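Trainee: Residue numbers (the working numbering), protein chains in the order written: chain A, 597 to 1017; chain B, 30 to 305; chain C, 24 to 334.
Certain hints may be false.
[As the list claims (entries may be wrong)] Using 30 Å as the maximum straight-line C-alpha spacing, the simulated DSSO-like pairs for lysine-lysine come out as follows:
#, chain 1, residue 1, chain 2, residue 2
1, A, K1000, A, K1010
2, A, K658, B, K96
3, B, K191, C, K330
4, B, K96, A, K668
5, C, K195, A, K774
6, A, K668, A, K650
7, B, K96, A, K650
8, A, K838, C, K195
9, C, K48, B, K210
Hints were generated in silico from the structure; no laboratory data involved.
Since the model is a prediction, treat every value here as computed from it, not as a measurement.
As a plain string of letters, each chain reads:
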Amino acid sequence: MKYWLTMLMVSMLFVLSACSGEEKVAKEGEETGGNSKEQTITFLQPGLDQPNQKEPVEKMIKRFEEENPGIKVELQSVGWGEAYQKLVTGFSSGESPDVFYAGTRWMPAFAQMGGIMPLDEYAEDKMKEYHDGLQENVKFQDKIYAIPRAFSARSLIYRSDLIEEPPTTWDELVETAKKVQSENKGMYGLGIAGAKHVSTTDQYFNYLFQNNGEVFNAKGEVVLDSPEAIEALTFYRDLYTKHKVVPNPIEYNREQLPILFKEGKIAMFVIGPWAKSMMGLEPDNDSTPFKTALLPKGEKMANVLVSDSLMVSAKTENPEAAWKLIEFMTSAEEQLAYDKEHGLVPIQKAEAEDPFFNEDPYFSTFVEMVQYGEPQPKPTAWEPFQDIISEAVQKAMNNEDPKKALKEAVKEIKDQKLEPK
Amino acid sequence: MSKTFRNFPIHLTLILIFSFMLFPIFVMLSTSLQTYENIFNWPPEWFPAEPQWGNYINVWFGEYQFKTPFFNSLIVATLTAIITIIIAFPASYALSRFHFAGRNSMLFFVLVTQMFSPVVLIVGLYQLAQSYSLLNTLAGLVITNCAFTLPMAVWLLHGYLKNIPVTLEQAAFVDGCSRIKGVFKIVMPLAAPGIAMSAIYAFIMAWNDLLIPLIFISKSSLRPVSLALTDFAGQNVIYWHEMMAASILTTLPIAVMFSFVQKYFIKGFMAGSIKE
Amino acid sequence: MELQVAKQKQPSLRKKPRLTLSPEKSPFLYLLPLAIFMGIMVVYPVGRVIYLSFTQNLLTRPDLGIQFIGVENYITLFTSTEFWSTVLRTTVWTLLSVGGKIFIGFSIAWLLSKNIGFKKLYMLLLMIPWVTPMVVAAVAWRWLYDGQFGMINYILTQVNIIQEPIIWLGNKQSAFIATAVTDIWIGVPFMAMMFLAGLQSIPVELQESANMDGANELQQLFLIVLPVIKPIVLVATTLSAIWTFNSFGVIWPLTRGGPVDATQTLIVEAYKRSFGSFDMGMGAAIAVVIFLILLFFTVLYKRLLMKQEEM
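Turn these sequences into a full structure, and let the hints steer you where they fit.
Mentor: In structure tokens, the structure reads:
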């Protein structure tokens, strides 16, 4: 059987060699490169197949290749929607890119399945450049597995021509939303996320943390069915079902809200600093002028800090070259340029001193929010966790009892052994 | 004229149904010719005042580089069709001409596999492809696609060959022609429409398949159209005008192929029922 | 050589074929490529999936290894209420979609079978949804369904059927129906074509005599037309049911099984288990269940087909 199998495969391959020719050339390039001269490494960054996204990264890679003549970088991309699945299947088939950009939240699962390599030997000094919270976040079992790349806090963006005073508490949020909505036909007061997407978890977690709730307690046990958590979900849900101040959240992830805002469909929403570049508008434009404000607070002020990181495949044949690329990308100038271009919060300590981030009224709010930041929860595998949380949110939006929805979520998290114990 | 007039209610009903059927296509075309700003206009601009043909050029050569997935799909679908026919034709010939033990169970087996959802096989195929390093290759897609196109092609071709009288070949055999030669010289030309139909069916199936590339392909340079479209639609911000342009580009080859064999398809369906 | 030529002059089909590999008399060589290919690409994977369904195999936890756990996956599956609601949901979704396809497909076929003009044009237009790749259809419909900017809401609010825009893919019920509508849209042309073929096979004399007897359209439909085309209807329906049951290309790009789990059919569930949470064992168990269901329908289809051939 095995013999026939091989024979057939070989003959198939022969027939098909025409179409995989391109592949071969690339592979040969890698092999002849070896350690001595030309090395090719692959770099994957999700979400680049879109207008205005790829070009800056391509330019950055060009700069890198000029500085490091022996190394060629092949840029790849995949939609964020498929990124996690592609990376995991890549690890198990040995087809993963050498260096990739991914959510820091995925790191524990990747590390546990042996997909990425520890970077301590390279990164020990490098890590000191980052904020303390981030240094902790990229460690798994006391080893550094990822280098922070992008980082953001959340603020409220509101229509400055329609809202004089931005809301500062939950109650005011509802009140303001109702007021704008009644004054402007066809416009909702607020926009929130409820799609199966990472942003749904952190939009809900903002309210959860503000209400003194937790996802996992200090022991790493899931406590998402606490009264605080239920209250927070009820509030989040009521925005839609009771107060009716948001368009149906289930269709939207947070990244779609800027478009609704720009088109005049919503008057407020919570997002990271990249909203400006997504809308392609300056805050003081004529059609939809906007400003940023601190989040309306609950029991306390809080918001989730989310970061993305660079990781290196455990199977890479060129770890040195991979590290060189990371080092280049995260060098002070490149990082500053990247953050400015993408409208991100300064990720390295030195960067924060750049006047750009503190003087600009749009950005300074986000920088201010960093101090209220709480890290993203760290389940053993993020993606199933995210599904469970967004499902609980969707159930609540569909008029199921928030308490029941969260109880089911807790059970599911336990069943799937996602607690970081 | 009078006939058309008399059938007015029928035409009216048909036009109603067909406007439902063609509406999505119309919206696709309309959206693909708008600017990004315009697609959010309310009320929508059905017929853009300045059609943006540039969207197609952008999709093809611009950031999306849609030409790459397009040619990937073209290669994969063409090879799938060729291999399918190379394997399916002799098999269906045998099934329609020889009577042997196990023929019926073989036909049944073909029928069963034709009903399979790829999901049933995909885990096994994935592991198979993995052990032969066929993940992230177009060859892997071709071979895997064949697993699904073959049964359908055998089934279609078997049905077609059954209706070609055996006497024609037998006459040739009597004249001293070998069976192989007879098949090439006599059966193949007669079966050409059936072969074309099966090949195109295989092409279309390969072109449309999403599940296999979803799992097999992680390199963007190797994505076929179905995966590329899903990827673009899975982005945080969807640029609908360009998405629709890409969708139209994806549909075109299939539509063109289909228009060539359309009459055979209809004939196949109505064999023996139309009175001419 | 000479010997062979001599043999060929005799009638080619012998009564008792001996065991031979010659391409002249034996189907063996013709079938060999197919047999090998299907053996590797179908039989082996099916076996593999059946084996996997008895194991615990989490791709994300290579440290746990692959453990043989017997029928545990099946027990977990059959005792979970979620699984049974997925089965029910899949059934209802399939029925809804196939029902829609039959109804619209038959209407089109019925109208086209009349003696009317522009028939060729109608048939050509009918092909369009059929040639639209599923992914394209799904993407296009997603845009149509969009809650704020979608054309469907625009039209429905314009003609006052609804007052407020509906977020079609955002509510459990509406998403369920919306995905089925898209699936119907793709499947109607096939149905219409099959039915049309059936309708045109009805002898003209039969209808004429019915006309003379003064039977009205409905009576004709139920008393004459349906009984005659029943076999075609059954075959087309079974085929369509199988395809609909298997539909992945529509649901995945439209909703990925959401909101909550409103459009999660067995196929989507199997995919999600295997390549979403990378639980290969459980994914395989669901795949085996799907396999058995399909097997049942195929046997049904075979029966119908054989009956039809007898007729």
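Trainee: If a hint holds in the structure, say so; if it does not, say that too.
Mentor: Here is what the structure says about each hint:
no.: 1; hint: A:K1000 / A:K1010; result: holds, 15 Å
no.: 2; hint: A:K658 / B:K96; result: holds, 23 Å
no.: 3; hint: B:K191 / C:K330; result: holds, 18 Å
no.: 4; hint: B:K96 / A:K668; result: holds, 24 Å
no.: 5; hint: C:K195 / A:K774; result: holds, 26 Å
no.: 6; hint: A:K668 / A:K650; result: holds, 17 Å
no.: 7; hint: B:K96 / A:K650; result: holds, 17 Å
no.: 8; hint: A:K838 / C:K195; result: holds, 18 Å
no.: 9; hint: C:K48 / B:K210; result: holds, 14 Å
Figure legend: structure checked against the earlier numbered hints; every hint is met.
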